[in-house]
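S.K.: Quick note, the sequences are listed as chains H and W, same order.
Each step along the first sequence adds one to the number in full-length UniProt numbering, with nothing skipped, and position 404 is 404.
Each step along the second sequence adds one to the number in full-length UniProt numbering, with nothing skipped, and position 19 is 19.
Do not take every clue at face value.
As the list claims (entries may be wrong) - Quick list of in silico lysine-lysine cross-link-like pairs, DSSO-like style, CA-CA up to 27 Å: (1) W:Lys67 to H:Lys382; (2) H:Lys559 to H:Lys540; (3) H:Lys473 to H:Lys414; (4) W:Lys41 to W:Lys67; (5) W:Lys41 to H:Lys382; (6) H:Lys543 to H:Lys559; (7) H:Lys392 to H:Lys382; (8) H:Lys473 to H:Lys267; (9) H:Lys392 to W:Lys41.
These are computed hints drawn from the structure, not numbers from a lab.
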Amino acid sequence: MIVEIGHFALILALVVAIVQAALPLAGAARGNVAWMEVGRSTALAQFLLMAIAMAALMHAYVTSDFTVVNVIENSHTDKPLLYKITGVWGNHEGSMLLWVFILSLCGAAVALFSNNLPPALRARVLAVQGMIGTGFLLFILLTSNPFLRELPPPLNGRGLNPVLQDPGLAFHPPFLYLGYVGFSVSFCFAVAALIEGRVDSAWARWVRPWTLASWCALTIGIAMGSWWAYYTLGWGGWWFWDPVENASFLPWLVGTALIHSAIVVEKRDTLKSWTVLLAIITFSLSLVGTFLVRSGVLTSVHAFAVDPARGSFILLLLLVAIGGSLALYAVRAPALKGGGLFAPVSREGALVLNNLLLSTGAATVFLGTLYPLFLDAVGGPKLSVGPPFYNKTFVPLMVPVLVAVAAGPLLAWKRGDLLGALQRLWAAFAAAVVVVLGALYVTSGGPVLAVLGLGLAAWTFVGVLAEWTERLKLFRIPARDSWRRARNLPRSAHGMTLAHLGLAISVAGIAASAFEVEHIDIVAPGGDLPLAGYTLHLDKVEKLQGANYVADDATITVKRGDAVIAVVHPQRRFFPLQQQTTSETAIRTNFLADLYIALGEPDQAGGWTIRAYWKPLVPWIWIGAVFMAFGGVVSLSDRRWRVGVASRLRAPAAQAAAGD
Amino acid sequence: MRRALATLLVLLALAGAALAVTPSERLADPALEARAREISKGLRCLVCQNESIDDSNADLAHDVRVKLRERLLAGDSDAQAVQFIVDRYGDFVLLQPPMRPATYVLWFGPGAVLLLAAGGMAIAFRRRHATDDAVPPPLSDAERERLDRLMRETEG
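Please take these sequences and the hints and turn them into a complete structure.
M.R.: Have a look at this one:
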């Protein structure tokens, strides 16, 4: 019964989405206010219906309703409750339902928080949102319906893949989708602006918070996925340039370019048509990502050809959405007039450089991901494009980005003084030199590129701090005055500093991963394994019974000299239902380095393979990502985004600006 | 980003297989073993998604690792050993695609995009400056007065 309610809600959501796509658009064209307002009520209704559908599927999972095919295939009565719930999106049908649910959430958010938008713009934004919803709801109902029944029901389900039974991966898809789908709002704004033929700084102010929020969610989603890979795979890899990873990295790269170019539109009223194009491309790449992951094209081009229903449908959606919006862009963009002029060396120029390099980087990853598929599809040779390719193409493109991150914010709008900016970066240059020399000394001339990477991270970190202290006139005026300046500085400036510091921190972690120390050996209980100045003592290995698995649980005492640092328990878990083994690694971190220990196979003599790694600065990769996302959130809290508020509070705002 | 779920399904279906490089596979000569590790990092595990045979715990990766070490023991150079593997599995096994006409797009594409984009921007930039009035009109007296007032406030 509840399953049918969910099913009906889904069908009703499709009907509502069709109305949302058509009526407000017609209303905006004819100036019919009542029709335009339909956009808001349908967006809210769609959210309500999708929430019902989502809740119905969750209910089926929690109660283990094995008349539902989707539950049979992905759940089991023995599964812990958390994974019954998160199992809802651990499969194709459920994750598409989550996709559309988040889309409707974004639509409802636009409907609720857009009182200060011109009604026609709001109506058009919501109509475009309705069109996307229509496409994906059709996709779910026609090819991937999670509510299909099967009678008679089996006694129990087939269970969720053990790999997915992990807190990190359980919450990875919602964040990733919030990012992917959140970019649809920027896309809708871009399309609506093209229909209206008007892009101004007010438009940029409306778009930027949505883009920024999606970007934060995507940053967290990607970081969670990579962290999960790190602690799950048993040897500590965290990024593989795998097509599925690239699918999420592409919208992130272009989305990063978008939040930067939107600043130029807002402040200087220029780069408009480029920003609109970026908004379209960002969401298009989210769609491409969905296509890559959901169509099965990655497993094999031929598998896609054998069962083409889903893949072809998404491909069709892709062509309509991307082709349609780009065609609209081609027709309308020439009408968008550029505003303020600027010299090549200026804040605008630095942001253009950022856009140029990030877009080229995205194009590189796009080629590396899709060209092998293309070559295979046209009958060419099969190719692999792995880390060595990206290290030679993508990484060099990011070096100037990092150099510019420190210098860009020091340049003035319109016409900057590069020499002056570089002079103010002497501390950053000194820090880079010290770090490079220090790292060379410590690693006795270790991998040169990684050492230079560390130097680059130091340059960026200190450069960003230098800009921030300069704004506060820290150490040059009394601390109290600096504090006042810090409070008066727009939150978005603090947010930028935090996000850029995060970037530097992540880069340091990535570069330092080249210095890891590895020791893999067979150790008998009672034996020792030395690693980077530590001693790992294997006390014992025991069998433990888990909820739906049996584990080999090792007790390892980590010592430094005679001092006991920690006792850790890496495990190998065997899931009898799926006949699969997973590895639960033990990670001991002091935030400067991780001790990473995984339990391998036993041998005939009673020894166990222990895989132990010392990974310097690795946690910084994710700490940096958290900084980036947090910087985005701080920037979001800036009052200037609340457009109406800013105009009402003009007097206090002027005072704040006077303190700048 | 759901880090090769499909891969893992394949990998874990081979449950019981050893995790990546195992002690039993290792060569006694540390210099030779170091060479084997370095080469392994550039060879793809054929049943995985972008995982090298050095990292993979699939059976096939184990076989290739052992085969590679046999060749090194037999006195092959690095290039010869890699060629031996490529002859059997094709270019697909190389994580760095070889440079040949079919891959020119891949290798030169990023540079071409960068040049085209930079060139396009330079042209757009020049055109704007040529057509638009490059020198903004001077401030009117009222504007100058307002500017002075604002500057005084800022300083104060």
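S.K.: Take the hints in turn and mark each one as holding or not.
M.R.: Comparing the hints with the structure gives:
| no. | hint | result |
| --- | --- | --- |
| 1 | W:Lys67 to H:Lys382 | 22 Å, holds |
| 2 | H:Lys559 to H:Lys540 | 16 Å, holds |
| 3 | H:Lys473 to H:Lys414 | 23 Å, holds |
| 4 | W:Lys41 to W:Lys67 | 15 Å, holds |
| 5 | W:Lys41 to H:Lys382 | 19 Å, holds |
| 6 | H:Lys543 to H:Lys559 | 24 Å, holds |
| 7 | H:Lys392 to H:Lys382 | 20 Å, holds |
| 8 | H:Lys473 to H:Lys267 | 24 Å, holds |
| 9 | H:Lys392 to W:Lys41 | 15 Å, holds |
Going down the numbered hints, you'll see the structure goes against none, and every one checks out.
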